[in-house]
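The chain contents come next:
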Amino acid sequence: LAKTTQPISMDSYEGQEVNITCSHNNIATNDYITWYQQFPSQGPRFIIQGYKTKVTNEVASLFIPADRKSSTLSLPRVSLSDTAVYYCLVVLNSGYSTLTFGKGTMLLVSP
Amino acid sequence: DTGVSQDPRHKITKRGQNVTFRCDPISEHNRLYWYRQTLGQGPEFLTYFQNEAQLEKSRLLSDRFSAERPKGSFSTLEIQRTEQGDSAMYLCASSSGEKLFFGSGTQLSVL
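Just so you know, the protein sequences line up as chains U and C, in that order. For the first sequence, counting from 1, position 92 maps to 76 in our numbering; every step adds exactly one. For the second sequence, counting from 1, position 99 maps to 95 in our numbering; every step adds exactly one.
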């Protein structure tokens, strides 16, 4: 099962674009890359998922290079409410996931 | 879609007591997961159900932990003879595909 590595923390200011990169060197052919957001005292919330190239939704974009050994979550024009922990997770295309989340990236957005 | 519901939200117990948590997944989801999360760490996988069948259980999980999903709907997680090290947030998630939907968790404090 692919193990992920991402920065422990990042700082940003309101209105800036934030890019969080996750490494998953041993990702398998059938794995998808998924990102979750977690606020204190809440369960993680799904943000975005992709297999290759680029995926965009109303919240974020996900960039995946051709070798799929890394991925970058891009949050456009962050606000204070985007302060949270962001987790990168690699899951089988069947949806069956027994992976433990890593420590995630703590994003702090300041005024 | 009423989301994943967990009960209780908080539980304080004395060491040695048994506790039981309940999870009500999203109704059409056949997959249900239990995770445990301690401060500063990502969610740690505990066990996984597909319908009523418990298909996977973490090797790190003590025999004091048991989970059931009797009719493939709600699930319970029981911890027997609680220890202080069991203090954590217990999260339930459900899915029908790659995306996990988490509840708000049960915060357990063992005194």
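Hints in this document: simulated from the structure, not taken from any laboratory. Please note that the accuracy of each hint is not assured.
Not everything, but these chain C residues come out facing chain U in the computed CB check (under 8 Å) [what the hints assert, rightly or not]:
{"hint": "1", "residue": "G38"}
{"hint": "2", "residue": "E40"}
{"hint": "3", "residue": "F41"}
{"hint": "4", "residue": "P66"}
{"hint": "5", "residue": "G68"}
{"hint": "6", "residue": "E94"}
{"hint": "7", "residue": "L96"}
{"hint": "8", "residue": "F98"}
{"hint": "9", "residue": "S100"}
Just so it is clear, CB atoms sit at the ideal spot from N, CA and C, and this is done for glycine as well.
The hints, checked one at a time:
A distance limit of 8 Å between C-beta atoms decides the matter here; for G38 of chain C the minimum to chain U is near 3 Å, and the interface restraint holds. Using the Cβ-Cβ criterion of 8 Å, the hint placing E40 of chain C at the interface with chain U is satisfied: the shortest such distance is roughly 5 Å. Given hint, F41 of chain C at the interface with chain U, holds; its Cβ is 5 Å from that chain's nearest Cβ, closer than 8 Å. Restraint check, P66 of chain C versus chain U: the minimum CB separation of about 21 Å is more than 8 Å; hint violated.
A cut of 8 Å between beta carbons decides the hint on G68 of chain C: the least distance to chain U is about 16 Å, and the hint is violated. Against a cut-off of 8 Å between C-beta atoms, the interface hint on E94 of chain C holds, since the closest Cβ of chain U lies about 5 Å away. Nearest Cβ of chain U to the Cβ of L96 of chain C: about 7 Å, under the 8 Å cut. The hint holds. Here the hint on F98 of chain C is kept, as its CB sits about 3 Å from the closest CB of chain U, short of 8 Å.
Among the interface hints, the one on S100 of chain C holds; its C-beta lies about 6 Å from the nearest C-beta in chain U, closer than the 8 Å criterion.
Comparing the model with each earlier hint shows violations of hints 4 and 5; every other hint is respected.
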